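Produce the entire structure from the sequences given, and follow the hints as far as they go.
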Amino acid sequence: MFGRRAKRVETSPDERRERQIEQVHSLTYALLLDVMAWFLDIREPVSESLFPDYRLPGTKDLDDPRERLRTYCSPVLLAAWEPVRSRWLERGIRVKPDFGTTATLQIEGLDGMAPPRAVARFTDRSVIERGAQRQYNSREWILTTWLRWDLGRIEDATFRLAEETDGISGNGSRDGSGR
Amino acid sequence: MPGSPNRYLFISLLPEPASTHAMELLLDAIDPAADASVVAAPVRGLDFFAARGDVARQLDAWWERHVAADARAVILVMDEPGLESHLAGLDPELVVGLAREADRGRYARQRLAHAVVTEDPLEVAAYAIDTFACFRRAAAPEPEAPAPAPELIFMPRVQPHAPARTAPPLPPEPVATGTLTDPFTELSAVAALGVPVDGEHERRPVERRPAERRSNELSRASLFAGAEATRALARVGDVPRLSLFRRIFVRPRRMAIPREIGDLVLGLHPAPLVVVPARKGGVGKTVTAGAVAQVVGYALGDTTGSAAIVDQNIGNPDQWGRLDIPTSAGTVRQLMAALSSGLELPPTPAWAKTPALGVYPEDRSSADAYPPGLIQRFVQHLRERHVFLVVDLPNRLPDYTTAEAAICAAYLELADLVILPTTDDPSALLGVLEYLETPSMQGKRVIVSYIVSSDRQLRRHRVVQELLDEIRRRVIAIETVPKSEKATLAIVKGVSILDISPKLRDAYIRVARTAVRALAATG
Numbered sequence: 001m002f003g004r005r006a007k008r009v010e011t012s013p014d015e016r017r018e019r020q021i022e023q024v025h026s027l028t029y030a031l032l033l034d035v036m037a038w039f040l041d042i043r044e045p046v047s048e049s050l051f052p053d054y055r056l057p058g059t060k061d062l063d064d065p066r067e068r069l070r071t072y073c074s075p076v077l078l079a080a081w082e083p084v085r086s087r088w089l090e091r092g093i094r095v096k097p098d099f100g101t102t103a104t105l106q107i108e109g110l111d112g113m114a115p116p117r118a119v120a121r122f123t124d125r126s127v128i129e130r131g132a133q134r135q136y137n138s139r140e141w142i143l144t145t146w147l148r149w150d151l152g153r154i155e156d157a158t159f160r161l162a163e164e165t166d167g168i169s170g171n172g173s174r175d176g177s178g179r
Numbered sequence: 001m002p003g004s005p006n007r008y009l010f011i012s013l014l015p016e017p018a019s020t021h022a023m024e025l026l027l028d029a030i031d032p033a034a035d036a037s038v039v040a041a042p043v044r045g046l047d048f049f050a051a052r053g054d055v056a057r058q059l060d061a062w063w064e065r066h067v068a069a070d071a072r073a074v075i076l077v078m079d080e081p082g083l084e085s086h087l088a089g090l091d092p093e094l095v096v097g098l099a100r101e102a103d104r105g106r107y108a109r110q111r112l113a114h115a116v117v118t119e120d121p122l123e124v125a126a127y128a129i130d131t132f133a134c135f136r137r138a139a140a141p142e143p144e145a146p147a148p149a150p151e152l153i154f155m156p157r158v159q160p161h162a163p164a165r166t167a168p169p170l171p172p173e174p175v176a177t178g179t180l181t182d183p184f185t186e187l188s189a190v191a192a193l194g195v196p197v198d199g200e201h202e203r204r205p206v207e208r209r210p211a212e213r214r215s216n217e218l219s220r221a222s223l224f225a226g227a228e229a230t231r232a233l234a235r236v237g238d239v240p241r242l243s244l245f246r247r248i249f250v251r252p253r254r255m256a257i258p259r260e261i262g263d264l265v266l267g268l269h270p271a272p273l274v275v276v277p278a279r280k281g282g283v284g285k286t287v288t289a290g291a292v293a294q295v296v297g298y299a300l301g302d303t304t305g306s307a308a309i310v311d312q313n314i315g316n317p318d319q320w321g322r323l324d325i326p327t328s329a330g331t332v333r334q335l336m337a338a339l340s341s342g343l344e345l346p347p348t349p350a351w352a353k354t355p356a357l358g359v360y361p362e363d364r365s366s367a368d369a370y371p372p373g374l375i376q377r378f379v380q381h382l383r384e385r386h387v388f389l390v391v392d393l394p395n396r397l398p399d400y401t402t403a404e405a406a407i408c409a410a411y412l413e414l415a416d417l418v419i420l421p422t423t424d425d426p427s428a429l430l431g432v433l434e435y436l437e438t439p440s441m442q443g444k445r446v447i448v449s450y451i452v453s454s455d456r457q458l459r460r461h462r463v464v465q466e467l468l469d470e471i472r473r474r475v476i477a478i479e480t481v482p483k484s485e486k487a488t489l490a491i492v493k494g495v496s497i498l499d500i501s502p503k504l505r506d507a508y509i510r511v512a513r514t515a516v517r518a519l520a521a522t523g
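Listed in order, the protein sequences are those of chains A and P.
For what it's worth, the working numbering labels the leading residue of the first sequence as 1, then goes sequentially.
For what it's worth, the working numbering labels the leading residue of the second sequence as 1, then goes sequentially.
If you're looking for bench data, these hints aren't it; they were derived computationally from the structure.
Computed from a predicted structure; not experimentally measured.
Cβ-Cβ distance ranges computed for the label pairs, FRET-style:
1) P:Ala521 <-> A:Leu89: 42 to 48 Å
2) P:Arg456 <-> A:Pro52: 32 to 38 Å
3) P:Leu489 <-> A:Pro52: 26 to 32 Å
4) P:Thr480 <-> A:Arg153: 44 to 50 Å
5) A:Ala132 <-> P:Ala50: 32 to 38 Å
6) P:Glu413 <-> A:Gln133: 47 to 53 Å
7) P:Asp399 <-> A:Ser49: 48 to 54 Å
8) P:Ala61 <-> A:Pro52: 33 to 39 Å
9) P:Leu27 <-> A:Arg153: 39 to 45 Å
10) P:Ala521 <-> A:Gln133: 32 to 38 Å
Calculated Cβ distances over 10 Å to all of chain A for the following chain P residues:
11) Pro17
12) Asp54
13) Ala56
14) Asp70
15) His86
16) Leu112
17) Leu374
18) His381
19) Pro426
20) Arg456
21) Arg462
22) Leu467
23) Lys483
24) Asp506
Every residue gets a Cβ at the ideal spot worked out from N, C-alpha and C, and that includes glycine.
Put into structure tokens, the structure is as follows:
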């Protein structure tokens, strides 16, 4: 009766928010890396020394980027991307990825008032080659991901050029309606 | 066939400036999945094979450093009279450009020689790209018209009466003919699925936290910008984490050096001269000069440029004498002598373990000064061979009263940037101010590398702070370096100061970055 009460271990709102941000960051980072590896057909585990920010335990050890994507992406989304990838692979295009040194990640919906959504904005300076043809990219992309309420899975994602998105729809909605 | 077929090293003996372009061609064409690299030899053409004496020994050492035992080495060279006579017993393969078809017979007995009739070194590189398996093959021609996809595909039905699933229509081709598309461009043609995340959202558990706490939380967070996510930012640090993504196909370097340093250095022309003098000894001058040069050397490691570290600390053999430099290495004095007598082939530098760093030690047996004109020629010589020069100067104020002071004055005259190292010993700080007031320093860009004592009372002492404030007003920046015995340990163990301590490494990366930014800021 007079014994000490065990101190309750509670997660502070700030700590919880940090963990949420960390989770969304991890998923977005993994998506970018795995999509590129999938399109380039590179089958090897994610190197921890090269990509210390790839923080999906268990997933990074998988050789096949498609399998890695499957662990945290909606199968419907991957099915929609699959034919695009096949068509692109047939072209024999090679890419030297370079996504600059800065990227921003905005996250909305962590307060539970709206579906969680992350908007990553990054610069693409990749070199694209086919045979003797070479192209130097220099443009900004916006990757928008919609996540499951528990931030455990990416349900939907779009890639849009920043100038298109900036000019057409500033609300980041999937159909421009603000949804 | 010597060497593993899976690991290639292409060695350019081609003449400049074509060699640089040829190396770019080779580097660009290497299959990312292959283990292959390209390097330019310090001596080109027939001289590479015909070298004798010290030069030959240095080339042997260079070869040992660059060519791994299990690598398949391929030498690219243009034909010269008599070249074939030096190839007996040669292990590596050779791609040689011939001026005439008739010369092909001279290489007929060389089993590992590929003869190409061309006078263009770039054609030699192109031949290598076409011949060796580590380069990307040209893409197969695209099919003219892909077969139309079936509109209806039959798949097992989960429920007996469910409709057959139809394949979603392929998005339209997003690009015009002639443009190469990347994965993101292709994916940008895919519309959002519109999956019912809202519906799932409605099924989420009821928010457990008290409603009044919500007002204190973030409704929008940015990982890399904005004040709202300061806590997250604090953990992230100032390195954007997504930047690591660009390294997906870049081979890991031995250490992470900001790419900015290499990029900025390669944009500087002519090659900048950075000098590191001091008024007082024991302030880490040689360590600072060596560390900055090493950082830049690492930053240039994947490029065709190289940095140089030059010992001009004449009369003070202590520090450089402890460095692990081969005794056979050519000295600055030898190089100066070669330049003044018009010799064609001055001694090659010793190449440090650091990638892309040439080391020019000084002859310790003499402490004579060089005429300013000869120093000017020497610096010009270095500028033609390196893209970044660091000179370790004596502990003297610049004037022309002594040999050491004259060396300082002559190099300061040519310097693009001065790094003044100091500790928080007030006499060292006063030495910095004294140096800044010399006529030779007028108009010079200066940064200070400040070794901070671990003694809190000392580093926060009013005198120290006042002197630092005065220095800060007169220089571009003061970069702090933690005081560490590991700097001495690095010398004793014969390892790079950048490898011995992460804190020292980070500090000297900051010093180097500030120096390079200062140089880039004013062109």
